[in-house]
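Student: Chains as they are written, first to last, in the numbering used here: chain A, 8 to 256; chain B, 201 to 509.
Rather than coming from a laboratory, the hints here were simulated on the basis of the structure.
Keep in mind that this is a model prediction, so the values were computed, not measured.
Each residue gets a CB set at the ideal place from its N, CA and C atoms; glycine is no exception.
Keep in mind that the hints are not guaranteed to be accurate.
Stated by the list, open to error - Which residues of chain B face chain A? A few of them, derived with a C-beta cut under 8 Å, are: (1) SER360; (2) PRO371; (3) LEU374; (4) ARG387; (5) LYS419; (6) ALA490.
Claimed, not checked - Lysine-lysine pairs mimicking BS3-like chemistry, simulated, CA-CA at most 30 Å apart: (7) LYS226/A - LYS473/B; (8) LYS480/B - LYS238/A; (9) LYS341/B - LYS234/A; (10) LYS74/A - LYS353/B; (11) LYS480/B - LYS508/B; (12) LYS232/A - LYS341/B; (13) LYS226/A - LYS508/B; (14) LYS336/B - LYS226/A; (15) LYS232/A - LYS227/B; (16) LYS394/B - LYS232/A; (17) LYS394/B - LYS234/A; (18) LYS394/B - LYS238/A; (19) LYS470/B - LYS394/B; (20) LYS473/B - LYS238/A; (21) LYS419/B - LYS200/A; (22) LYS508/B - LYS238/A; (23) LYS480/B - LYS27/A; (24) LYS470/B - LYS39/A; (25) LYS480/B - LYS470/B; (26) LYS226/A - LYS480/B; (27) LYS226/A - LYS353/B.
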Amino acid sequence: MKILVAVKRVIDFNIRPRVKMDGSGVDLANVKMSMNPFDEIAVEEAIRLKEKGVATEIVAVSIGPAKAQETLRTALAMGADRAILVQTDGEVEPLAVAKILANIAADEQPGMIVLGKQAIDDDSNQTGQMLAALLGWPQGTFASKVEAGGDKLTVIREVDGGLETVELTLPAVVTTDLRLNEPRYASLPNIMKAKSKPLATKSPEELGVDITRRLETLKVAEPPKRKAGIKVGSVDELVERLHGLGVAK
Amino acid sequence: MSVLVLIEHDGNSIKDSTLATVTAGSKLGEVHALVAGSNVRPVAELAAKIAGVAKVHVADAPHLDHQLAEEVAPVAAKLMEGYDAFVAPASTFGKNIAPRVAALLDVMQLSDILSVEGPDTFTRPIYAGNAIATVKSNDAKKVITVRTTVFDKAAAEGGSASVEQVDAGQPAGLSRFVGIEASESARPELTSAKVVISGGRAFGSAEQFHGLLDPLADKLGAAVGASRAAVDAGYAPNDYQVGQTGKIVAPDVYIAIGISGAIQHLAGIKDAKTIVAINKDEDAPVFQVADIGLVGDLFKIVPELMSKL
């Protein structure tokens, strides 16, 4: 089975984003960029499925600027076999990303597509579900465990009330949650090897996907800030304060 | 504008998240509700009583049991032919289904809205809540998920909507519900509790986490939460996790114990009315947002609190 993995280049998760003074967005100039952490988990899961003999080939796909090649090279260094960059500048919304991925899936015929549950920049949490809908495939969102057997996939999902288990008929879309796995670091020899793995470049136009934005960002602002309050010196003082708030009275 | 709200329920009762979603939907226009499931007539009767709901659609069929996204989304998308907006809670339930509905309608979804600024304009958090975007949708129909902690709950009683059966469609048969391992708890739900006590990695073990926090929570009638670090360390189950990628909470009082205050955790608690922090590191970031702080060793403070409260 071939597995398609979608990866997004986003601001590094250790960097605190700064809102631009003119309110037009978040300042990304000279900021460290990395693979979306949830997508890293997706790449890792695909590699583990290949190591288990479930997957035969892993194709990493990214939609973004030329620099997203670096993100794809990271996926290749981790263990993906080849990569496709759908190159476009500017933001591409989840619906358009899902359409592009659906288009590539029609061409590549994977048995499974794995993506992060959300990107840590726009926090949309939409692409996987949209992709599954467009393809008419089942979805295992917020996965904390994935097990393949025959033409079925058992997925344990992190839901509000606990852990839900669903069985999906392949082909299927899986979106990853934090506890699915711990992504590996690419070794130096693998980083070197990744440089010679195939990376194809396409454009949304070539794929016939209209990426015109449906949402217009009018303004981006800092959230209202909370201020530090007081420090109390003892448990007695804390108890008094808590009583004042109506707690345990 | 006509609005269709997706009711989140467990087959018997309606989740509180739905009530806040109705409030958000009401800001756009007249709210009708969709109850999907199997043998859910009683749930529909409950939905009909929610103040502000004018009509309830029930899609009742065996294949809608457990409300799998593959089965519910086509029913909702079909019903949306007669509506301008689809609104669901931004819970794992709503997040699973709404984008699937959006794609079927060829609409770009607005996720996790914090406010309704106009018929097509909303605010929503981006970058883990480090920025708030004001976004205008140019789609003819809107598909929206709602951050339920920022909207007041509609009254669960007082409405008298009509209940109407709708076409439940054919089974998609792509997926099957196998089971759910529910975290059983007699305590209030994290997202609706008035008081939340959360523990971090400083507890050192699952035994100490539960041994110290559970009795205190029971004494205060509080829900128990955890930081991502505590969940990753295995001290608490995943559904305890409070933060941008876990649960967003908005209690009257939030008590963070042994939690340093990573950005992603703080993003999940910023709507709490009062934040209380207990941490042995006086420079911990959590003190920058805490209304009341106490510096000290939690292994001494928590037992003392227990005896004095």
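Student: Of the hints given before, which are not true for this structure?
Tutor: Failing hints, ascending: 1, 2, 4, 9, 10, 12, 13, 21, 23 and 26.
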